[in-house]
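*Asks:* Since chain A is already given, all that's left is putting chain B on it; use the hints.
Protein chains: 2
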Amino acid sequence: MVEKRQPIQIDEAINKVMQHPLSPKEESVPLLESVGRSLAVNLYATHSVPPFNRSPYDGFAIKSEDTVHASRDLPVFLKVVGEIGAGFVFNRTVRNGEAVRIMTGAKIPDGCDAVVMLEIVREHGSEQIELVRSIKANDNISFKGEDTKEGALISKAGTSIHPGIIAQLATFGYSEVPVFRKPRIGVLATGSELLDVHQKLEPGKIRNSNAYMVAAQVMRAGAVPIVYGKLPDDLEACLAMITDQMDDVDVMITTGGASVGDYDLVPEFINRLHGKTLFNKVAMRPGSVTTAANLNGKMLFGLSGNPGACYVGFELFVKPLIRKALGTEQIHHAKSKGVLGADFLKPNPFTRIIRGRLEEENGQHVLFPSGLDKSGSVISLAEAEVFIILPAGTRGFERGMEVDFLLLEDQKGSEETWKTFSKL
Amino acid sequence: MVEKRQPIQIDEAINKVMQHPLSPKEESVPLLESVGRSLAVNLYATHSVPPFNRSPYDGFAIKSEDTVHASRDLPVFLKVVGEIGAGFVFNRTVRNGEAVRIMTGAKIPDGCDAVVMLEIVREHGSEQIELVRSIKANDNISFKGEDTKEGALISKAGTSIHPGIIAQLATFGYSEVPVFRKPRIGVLATGSELLDVHQKLEPGKIRNSNAYMVAAQVMRAGAVPIVYGKLPDDLEACLAMITDQMDDVDVMITTGGASVGDYDLVPEFINRLHGKTLFNKVAMRPGSVTTAANLNGKMLFGLSGNPGACYVGFELFVKPLIRKALGTEQIHHAKSKGVLGADFLKPNPFTRIIRGRLEEENGQHVLFPSGLDKSGSVISLAEAEVFIILPAGTRGFERGMEVDFLLLEDQKGSEETWKTFSKL
Chain A
1 MVEKRQPIQI DEAINKVMQH PLSPKEESVP LLESVGRSLA VNLYATHSVP PFNRSPYDGF
61 AIKSEDTVHA SRDLPVFLKV VGEIGAGFVF NRTVRNGEAV RIMTGAKIPD GCDAVVMLEI
121 VREHGSEQIE LVRSIKANDN ISFKGEDTKE GALISKAGTS IHPGIIAQLA TFGYSEVPVF
181 RKPRIGVLAT GSELLDVHQK LEPGKIRNSN AYMVAAQVMR AGAVPIVYGK LPDDLEACLA
241 MITDQMDDVD VMITTGGASV GDYDLVPEFI NRLHGKTLFN KVAMRPGSVT TAANLNGKML
301 FGLSGNPGAC YVGFELFVKP LIRKALGTEQ IHHAKSKGVL GADFLKPNPF TRIIRGRLEE
361 ENGQHVLFPS GLDKSGSVIS LAEAEVFIIL PAGTRGFERG MEVDFLLLED QKGSEETWKT
421 FSKL
Chain B
1 MVEKRQPIQI DEAINKVMQH PLSPKEESVP LLESVGRSLA VNLYATHSVP PFNRSPYDGF
61 AIKSEDTVHA SRDLPVFLKV VGEIGAGFVF NRTVRNGEAV RIMTGAKIPD GCDAVVMLEI
121 VREHGSEQIE LVRSIKANDN ISFKGEDTKE GALISKAGTS IHPGIIAQLA TFGYSEVPVF
181 RKPRIGVLAT GSELLDVHQK LEPGKIRNSN AYMVAAQVMR AGAVPIVYGK LPDDLEACLA
241 MITDQMDDVD VMITTGGASV GDYDLVPEFI NRLHGKTLFN KVAMRPGSVT TAANLNGKML
301 FGLSGNPGAC YVGFELFVKP LIRKALGTEQ IHHAKSKGVL GADFLKPNPF TRIIRGRLEE
361 ENGQHVLFPS GLDKSGSVIS LAEAEVFIIL PAGTRGFERG MEVDFLLLED QKGSEETWKT
421 FSKL
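Taken in order, these protein sequences are the chains called A and B. full-length UniProt numbering puts the first sequence at residues 1 to 424. full-length UniProt numbering puts the second sequence at residues 1 to 424.
For reference, chain A alone in the conformation it holds in the complex:
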């Protein structure tokens, strides 16, 4: 009954998962609903920005040649022949000796090649201005296309849509935005010890926190969780749920029933559904009993029932699959280096992934492991801002030692695949 499992390295496990990518699909959403979504097309400038030569200030549009000899002793007087606010166009070509009052953002009238700022002009009533210095051609003009030329690539497919990209989309007329569809991720917690969140505590039982935690991780990763709540450790009931719902989701996640024992459901699911196990043990702590399998083209993840192990398993193995379906290259967590802010003396033959907190001290990253880091600890999850990576080995880690870490809340991510963090 007790099955012998062969652990594989973290990066190898990730690579096996990524050989079964979800195909990105497109959909269209109204502009403001696209905030935080993943752009599904390359965005090109549909016109130059600015789309016409315009005034960056309030002032007077003039012909610079009229001012060549202007000085304090020999001021030049120009006749104000009109006024243009932003959004309006002057209706004729400006002639020598003329000026047009112009507002910020307005189109430079034909015939003019410079703008004089209000501050350096002396106004005589509303019909005449006096200039006491010469103005160079092209002064104070924002030229058509100086920001962007028509046709330029301005944002790439797979980019997460933030306020700056919303500004671009609006500028180029996208009232509807093509985005990648959010994958649908089914989440089922198994375990006869589980109560629903609204239920009163009973002896020997705990509330189902994993399904909701994973659902929140799914949301953070950019996908839609479909939460099936919890089921007792009953193979037939779980199998029925999974087979019923598999068509409705892109990926199925179970938590619990993954360790080696009599009540282990996950190996049986895979067997009964004729799935192909990619791995069922990973050389890491927590989360060594993580299973991934392919069931008729769809991925099933059997994450541990321990909250900490479950959390790590999702971030390392499921998140990159979601990110890939959102068209991004940066499917992994952003990785950086810092120093330990506290000792972590317990060595481990497997790589440890420690949840922790990141602080900055004098421009240096300092990392603090959270709480006990028992994999069952739901409390230390509150501080899960980073994963601190402590390589496998026979020595512990002391305060001040340099370590790698992964950022969990960062939206930028990393293209880099994982290096091998542990040796068997």
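Please keep in mind that the hints were generated in silico from the structure rather than gathered at the bench. Check before you lean on any hint, since a few could be wrong.
No copy is singled out in the list; a pair is fine if it fits within one copy or between any two copies.
As the list claims (entries may be wrong) - Using 30 Å as the maximum straight-line C-alpha spacing, the simulated DSSO-like pairs for lysine-lysine come out as follows:
{"hint": "1", "residue 1": "Lys144", "residue 2": "Lys346"}
{"hint": "2", "residue 1": "Lys346", "residue 2": "Lys281"}
{"hint": "3", "residue 1": "Lys337", "residue 2": "Lys156"}
{"hint": "4", "residue 1": "Lys337", "residue 2": "Lys25"}
{"hint": "5", "residue 1": "Lys200", "residue 2": "Lys144"}
{"hint": "6", "residue 1": "Lys298", "residue 2": "Lys200"}
{"hint": "7", "residue 1": "Lys4", "residue 2": "Lys136"}
{"hint": "8", "residue 1": "Lys324", "residue 2": "Lys25"}
{"hint": "9", "residue 1": "Lys156", "residue 2": "Lys335"}
Since this is a predicted model, take the numbers as computed values, not measurements.
*Replies:* Just chain B, lined up with the frame of chain A:
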């Protein structure tokens, strides 16, 4: 007609705004809808975690005293009197000479004080086990409360709800979560040059990008944007819109009509609505023509019509007001230090806030100013990941120089109020 304005320092402007905070209000939402929201109450452990002594492994629960003399030469035999899976409780006290098969997560039966892992036990059928070493009391038991004691404070009001906090909320039975209500922020773009996003481009006109950009910034800050689209530079039309809608929002933002000129609407709004101007010029570039006013207890922000200036104005002055209403102490952007990755040679008498990109090189932050950094540049907004702060002065800045920067996408923020970044 041309009004002389007196610039104030950035930090002084922020302080003036923060003297008119919105009062945080609570509401209740279903568990999964609380993801990303701000927790409105201190969260205490409603029970110990674990709530009972439990087994961290599959194995046998025993009385350690039975094994004191166990050895390879003198093995101890225990009678297996039952089996308990997670979620079940053993129905009587275990006696000397007995063992109970126990699964991960199950409650330790009364009378037992240790668990022996499956791997070190020799089973004789299902009724007897053999032990060849002594087991210490308390071995392999996860004790009640070892993670958290009942009554402990586990997350503070004002915390942004991430997956780890969702796990805590589920554990302690919060199927509904008290969160701070999202403030409602009205956004109106003014300018006769503005077209709606779906409209075709016309000579002298541009599409309204600011209203949607600001709306996306409002969403990123954690509030709800109410977008009124755009209105031409028509005082009465704008006034009517603002007075009509002011009751429906907590804060009103206008963009455009803020600079010094004939068509400036913002000073007139404030006048006509008997508001009190807090400031109408800030010693910074871009965004010097930013206005904040109090209208009968509600804040009105008149941001610049230039996309870059508008973007900066929102982040510096409106965002902290929103964050405060969400109950957080870290109302400002997180600040850090890095080095410039490129020259920025143009000095300025006002502090420059340059949008840019952050890279990591050997654990050091390297900052790259985006595009032209003209305040009208909608393109450089796509790269707005950080604000690089270049203090006012007479010198430019060279590649490799150390500079401060603010993180725009970071959810953590900073409690610190701004230092004075520029001198008049």
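*Asks:* Hint by hint, say whether it matches the structure.
*Replies:* Here is how each hint holds up against the structure:
1. Lys144 <-> Lys346: between (64 Å within a copy, 23 Å between copies)
2. Lys346 <-> Lys281: within (21 Å within a copy, 58 Å between copies)
3. Lys337 <-> Lys156: both (28 Å within a copy, 29 Å between copies)
4. Lys337 <-> Lys25: neither (35 Å within a copy, 40 Å between copies)
5. Lys200 <-> Lys144: between (67 Å within a copy, 17 Å between copies)
6. Lys298 <-> Lys200: neither (36 Å within a copy, 44 Å between copies)
7. Lys4 <-> Lys136: Result: close only across copies, 27 Å inter versus 83 Å intra.
8. Lys324 <-> Lys25: within (11 Å within a copy, 39 Å between copies)
9. Lys156 <-> Lys335: For Lys156 and Lys335, the Cα distance is within 30 Å both inside one copy (22 Å) and across copies (28 Å).
Violated hints for the displayed structure, listed by number in ascending order: 4 and 6.
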